[in-house]
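So the sequences go chain by chain: A and B. One point on numbering: in the working numbering, the residue at position 4 of the first sequence is 4, and numbering is uninterrupted. One point on numbering: in the working numbering, the residue at position 17 of the second sequence is 17, and numbering is uninterrupted.
The reader is advised that the hints may include incorrect statements.
Identical copies look the same in the list; a pair holds intra-copy or inter-copy alike.
Claimed, not checked - Result set (DSS-like, lysine-lysine): computed pairs, CA atoms no more than 30 Å apart in a straight line: (1) LYS131 - LYS53; (2) LYS131 - LYS157; (3) LYS159 - LYS126.
Hint data in this document are derived by calculation from the structure and do not stem from the laboratory.
Read off the chains here:
Protein chains: 2
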Amino acid sequence: MTRQASRVLLNTGDGKGKSSAAFGVMIRAWARGWTVGVVQFIKSEKWVVGERKLAHQLNIRWHTLGNGFTWESADIDHSAEMARHAFVVATEMLSSGDYDMVILDEFTYPLNYGWIELDAALQAIKGRSSKTNVVITGRNAPSELLELADTATEMRKLKHAYDRGIRARKGIEY
Amino acid sequence: MTRQASRVLLNTGDGKGKSSAAFGVMIRAWARGWTVGVVQFIKSEKWVVGERKLAHQLNIRWHTLGNGFTWESADIDHSAEMARHAFVVATEMLSSGDYDMVILDEFTYPLNYGWIELDAALQAIKGRSSKTNVVITGRNAPSELLELADTATEMRKLKHAYDRGIRARKGIEY
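With the rest of the complex left out, here is chain A (with noise of 0.2 Å):
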């Protein structure tokens, strides 16, 4: 077995800036040149305003394939059905070649809901194309995909403006 050439980042904790800091990873990677993939897992109503018009801008193929937390969720089975799906493009797009780096955003939550199977998931991920760079973000990250990641960064919430009873304000929080 070859060593990857390709790294895989992994994004958790309870913090800020799990997604935003994939971001920059991706704005950083299209900056070079590379070919970027993003599979949204649960649905953002943050990056549908923000990053992701800009990430169209740039030409990066994006999906939002999830259905939102389940604690959001009218019809869990349909919920369940869509990350499946996201997941069937997500370990083509990982296989496929195609890309330099793919980003499966909140991808944490699906596996922890038990909607996505984690054994399968670590499979897609080994079984990449050795091209591909792979970061992960969401909360919770299990233990078998932090063994895989090379680099795990926790964000962790020192102070929250929430805590203090500020309300989200657009163009920080979403």
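With chain A fixed as given, assemble chain B onto it according to the hints.
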């Protein structure tokens, strides 16, 4: 004293993603039509080649005024002087009312080196225009800065490719 409508965000810790997350927030702000300014207190190649290229395209006002980390500096007095100049520029941006967001990238270093007085830094932030949100990045944020922040995140290193002897990879690490 009226409550600031704007926020102070702080990304600190020894892990990855402090500046990348600030960059993500910058893009989100830009996508909403905000006027954004960036002052880099430490010259960093990674921003030059990646984010900075994009920022230029987006008309974000960008000042790289730092001169590297102390351990990279051939002339500490000159580096300190550059950091103080950067701080003058930043203070002007903060108070001008021209910016919806000002990013002080790697701002904690000149504070910790004693190049910029902490009290002066705190006053510049407190004395900013009420519309101007501030994002500060850097390791080892002084506790007074944490106190001033509305939202603070510690990027904590769980695992790093460097630790395993893998060299920095263009497009991801810098």
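We went through each hint and held it up to the structure:
When the C-alpha separation of LYS131 and LYS53 is checked against a cutoff of 30 Å, the pair qualifies both within a copy, at 27 Å, and between copies, at 24 Å. With identical chains, the CA atoms of LYS131 and LYS157 are at most 30 Å apart between copies only, with a shortest distance of 25 Å across copies and 33 Å within one. For the identical chains of this complex, LYS159 and LYS126 are inter-copy neighbours only, at 18 Å across copies versus 36 Å inside a copy, given an alpha-carbon limit of 30 Å.
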